[in-house]
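Undergrad: Listed below are the residues making up each chain.
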Amino acid sequence: MTAPCLIFDDLTLGYGSHAAVHHLGGTVEKGSLTAVVGANGSGKSTLMKGIAGVLKPMAGRIDRAGNVRIAYLPQQSELDRSFPARVVDLVSLGLWPRRGLLGRHTADDRRSVRGALEAVGLAGFENRALDTLSGGQLQRALFARVLVQDADLILLDEPFNAIDSRTVADLVLLIKRWHGEGRTVLVVVHDLELVRRTFPETLLLARQKVAWGDTAETLRPQNMLRARRFHEAWEDDAPWCEPEEHEHVHIHEHAGDHGAHHHPSMQKAAE
Amino acid sequence: MSAAYDLLVAPFADFGFMRRALAGSLMLSLGACPVGVFLMLRRMSLAGDAMAHAILPGAAVGFLLFGLEILPMTIGGIVAGAVVALGAGAVSRFTVQREDASMAAFYLISLALGVLMVSLRGSSVDLMHVLFGTVLALDGEALALIGGIAALTLASLAVFWRALVAECLDPLFLRSVSRLGSPVHFVFLGLVVLNLVGGFQALGTLLSVGLMILPAAAARFWTSRVGPMCALAVAIGFTASISGLLLSYHASLPSGPAIILSAGAVYLASILAGPRGIMRARVGHRHKTA
Numbered sequence: 001m002t003a004p005c006l007i008f009d010d011l012t013l014g015y016g017s018h019a020a021v022h023h024l025g026g027t028v029e030k031g032s033l034t035a036v037v038g039a040n041g042s043g044k045s046t047l048m049k050g051i052a053g054v055l056k057p058m059a060g061r062i063d064r065a066g067n068v069r070i071a072y073l074p075q076q077s078e079l080d081r082s083f084p085a086r087v088v089d090l091v092s093l094g095l096w097p098r099r100g101l102l103g104r105h106t107a108d109d110r111r112s113v114r115g116a117l118e119a120v121g122l123a124g125f126e127n128r129a130l131d132t133l134s135g136g137q138l139q140r141a142l143f144a145r146v147l148v149q150d151a152d153l154i155l156l157d158e159p160f161n162a163i164d165s166r167t168v169a170d171l172v173l174l175i176k177r178w179h180g181e182g183r184t185v186l187v188v189v190h191d192l193e194l195v196r197r198t199f200p201e202t203l204l205l206a207r208q209k210v211a212w213g214d215t216a217e218t219l220r221p222q223n224m225l226r227a228r229r230f231h232e233a234w235e236d237d238a239p240w241c242e243p244e245e246h247e248h249v250h251i252h253e254h255a256g257d258h259g260a261h262h263h264p265s266m267q268k269a270a271e
Numbered sequence: 001m002s003a004a005y006d007l008l009v010a011p012f013a014d015f016g017f018m019r020r021a022l023a024g025s026l027m028l029s030l031g032a033c034p035v036g037v038f039l040m041l042r043r044m045s046l047a048g049d050a051m052a053h054a055i056l057p058g059a060a061v062g063f064l065l066f067g068l069e070i071l072p073m074t075i076g077g078i079v080a081g082a083v084v085a086l087g088a089g090a091v092s093r094f095t096v097q098r099e100d101a102s103m104a105a106f107y108l109i110s111l112a113l114g115v116l117m118v119s120l121r122g123s124s125v126d127l128m129h130v131l132f133g134t135v136l137a138l139d140g141e142a143l144a145l146i147g148g149i150a151a152l153t154l155a156s157l158a159v160f161w162r163a164l165v166a167e168c169l170d171p172l173f174l175r176s177v178s179r180l181g182s183p184v185h186f187v188f189l190g191l192v193v194l195n196l197v198g199g200f201q202a203l204g205t206l207l208s209v210g211l212m213i214l215p216a217a218a219a220r221f222w223t224s225r226v227g228p229m230c231a232l233a234v235a236i237g238f239t240a241s242i243s244g245l246l247l248s249y250h251a252s253l254p255s256g257p258a259i260i261l262s263a264g265a266v267y268l269a270s271i272l273a274g275p276r277g278i279m280r281a282r283v284g285h286r287h288k289t290a
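Line by line, the protein sequences are chains A and B.
Numbering follows this note's numbering, in which position 99 of the first sequence is assigned residue number 99; successive positions increment by one, without gaps.
Numbering follows this note's numbering, in which position 163 of the second sequence is assigned residue number 163; successive positions increment by one, without gaps.
No lab work stands behind these hints: they were computed from the structure.
Careful, some of the hints might be misleading.
[What the hints assert, rightly or not] Not the full set, but computed from the structure, chain A residues with beta-carbon under 10 Å of chain B: (1) Tyr72; (2) Glu78; (3) Ser82; (4) Ala85; (5) Arg86; (6) Asp89; (7) Arg145; (8) Arg166; (9) Lys209; (10) Ala211.
[As the list claims (entries may be wrong)] Covered by chain A, per the in silico footprint, the following chain B stretches (three or more residues, Cβ under 8 Å): (11) 20-29; (12) 189-201.
[Unchecked claim] DEER-style ranges, computed between Cβ atoms: (13) A:Ala3 with B:Ser182: 32 to 38 Å; (14) A:Gly41 with B:Ala151: 18 to 24 Å; (15) A:Arg220 with B:Pro275: 28 to 34 Å; (16) B:Ile271 with A:Gln75: 33 to 39 Å; (17) B:Phe186 with A:Gly135: 31 to 37 Å; (18) A:Gly100 with B:Leu152: 20 to 26 Å; (19) A:Gly41 with B:Arg276: 53 to 59 Å; (20) B:Val159 with A:Gly124: 46 to 52 Å; (21) A:Arg114 with B:Val159: 23 to 29 Å; (22) A:Trp240 with B:Ala158: 23 to 29 Å.
Where is the CB? At the ideal position from N, CA and C, for every residue including glycine.
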């Protein structure tokens, strides 16, 4: 039996008083490769932000395995491409978890940065200014930064948007490599064919969990239809969520499938 | 030889007030110019201007209570600057409002308060001193203050360099790997306030931001890396200080504006001649095949 890497315990994430991820429960196993799919506004990016710790839960919590190191590649990067930095400076940011604010970058560190650039096909781009890179090259550089971070849990939010097919193929190989190395990987993807080909597990979101598990099972037509019925817009006159009413559904949904809620190796991440 | 000596060296060799003015403006450049580079790279150049206005009421309170005394005016300026920087920073971090709007709101309130307070007591000469400074009247106490601020600024930049770069380049990434994002932002705003307060002794609240922003803006046209950009900004600040003081001495011009105009001249020359300036972008259309 594998150990859990993440446990979502009745997790609600959102903005203002509106929930974007609503009472999500479930477990991400260590070493799993999971696609997160759903329509625009279904809560995929919000969930990633919550796991990465940049958005605090409105209710419920995320338990993370002890000392898990997370690498997070957001969908809408706040990266300032006009900032006077070279590709090697961007990728070296991935050394932060190891070296922090003041630790000196060693020869090994520099080798790992060079190795990462080679692995993503950007050897020779070290000294290129960021504002001279194409969209695909920048995405490769960001993947190189994830490589350097050497994380146990990798979160990629729509990493293939506006990327050509050759680059997608290269980046998918990297994702498979991470999976092969036993890292836990969650990727937000829109291309369902790519999901079927590449990801053993899928979480289908429509603000709430529609289905989660084996990819073929999750992407069954019935589930896709349920996900499509999801209404994206927030409604100002939406009823307030009543906990008692929800608790009922929650217990029912979780019967038997998430016994590890209080696994001893898990640390409480947020409350 | 003697003409060159008279032109460039004699003013400093012969007059103590010129030497003190030189020491003050050089030390000011040492701290303020690198801070200006980060201010510019964060697209906060005008926020620096706003902060310079914001320290006015604090300095005015010091002036109202103690007259033209350096310490009360400095402490007042730091307190007012910190209140505005923290207030504007907190509003932008924790609400939907962006920093440009919150900073503008806070500084406008602050500036109005400052002008009101100075007018309650001082003559227009006093107001001119607070607004435009007196670099030629720097005493030992003021120099020690400016030197301390420069040392503290350089030490803080050395310690927080990596976080400052990460915060500018990819703030969301920094938030995902470290909790330093918000603290480093406030440390940085603190450095801005300190250097503006240091600068207002010499250049006044309105012009002190000039020595912060103009050398940084000029350096942007010459290099595409942050470290060299900071070093070049300091060098430009030094050049502007020396040439501004000489200009002020020989042409009997007010020294603060002379220093800032010298920096302005370097900025205009950089727009034209810098490798990332207009000439290089517009002239010479040769290109490589790949």
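Undergrad: Each of the hints needs a verdict: does it hold here or not?
TA: Verification of the supplied hints:
1. Interface restraint check: A:Tyr72 against chain B, minimum CB-CB distance 4 Å, threshold 10 Å, status holds.
2. Against a cut-off of 10 Å between C-beta atoms, the interface hint on A:Glu78 holds, since the closest Cβ of chain B lies about 4 Å away.
3. This hint holds: A:Ser82 has a C-beta 8 Å from the nearest C-beta of chain B, less than the 10 Å allowed.
4. For A:Ala85, the interface hint holds, the least distance from its beta-carbon to any beta-carbon of chain B being 6 Å, beneath 10 Å.
5. At a threshold of 10 Å, the smallest CB-CB gap from A:Arg86 to chain B is about 7 Å, leaving the interface hint in force.
6. Given the 10 Å rule on beta carbons, the hint for A:Asp89 holds: about 7 Å separates it from the nearest Cβ of chain B.
7. Taking 10 Å as the C-beta contact cut-off toward chain B, the hint placing A:Arg145 at the interface holds, the least distance being around 8 Å.
8. Among the interface hints, the one on A:Arg166 is violated; its C-beta lies about 18 Å from the nearest C-beta in chain B, farther than the 10 Å criterion.
9. A least Cβ separation of about 24 Å between A:Lys209 and chain B goes past the 10 Å threshold, and the interface hint is therefore violated.
10. Proximity of A:Ala211 to chain B is violated relative to the hint, the smallest CB-CB distance being about 28 Å (cut-off 10 Å).
11. Here's how the stretch 20-29 of chain B fares: 0 of its residues keep a CB closer than 8 Å to some CB of chain A, so the rule of at least three is not met and the hint is violated.
12. Coverage of the stretch 189-201 of chain B by chain A is violated in this model, with 0 residues showing a Cβ closer than 8 Å to a Cβ of that chain against a need of three.
13. The beta-carbon spacing between A:Ala3 and B:Ser182, approximately 33 Å, falls within the hinted interval of 32 to 38 Å.
14. The beta-carbon spacing between A:Gly41 and B:Ala151, approximately 52 Å, falls outside the hinted interval of 18 to 24 Å.
15. Evaluation of the 28 to 34 Å hint for A:Arg220 and B:Pro275 yields a failure: the beta carbon distance comes to about 59 Å.
16. A hinted range of 33 to 39 Å for the beta carbons of B:Ile271 and A:Gln75 is consistent with their spacing of about 37 Å.
17. The hint said 31 to 37 Å for the Cβ distance between B:Phe186 and A:Gly135, and at roughly 34 Å that hint holds.
18. The given range of 20 to 26 Å is respected by A:Gly100 and B:Leu152, whose C-beta atoms sit roughly 22 Å from each other.
19. Taking 53 to 59 Å as the suggested C-beta distance range, the pair A:Gly41 and B:Arg276 does not conform, at roughly 41 Å.
20. As the Cβ distance of B:Val159 to A:Gly124 is approximately 34 Å, the hint placing it in 46 to 52 Å is violated.
21. The hint said 23 to 29 Å for the Cβ distance between A:Arg114 and B:Val159, and at roughly 27 Å that hint holds.
22. Evaluation of the 23 to 29 Å hint for A:Trp240 and B:Ala158 yields a failure: the beta carbon distance comes to about 52 Å.
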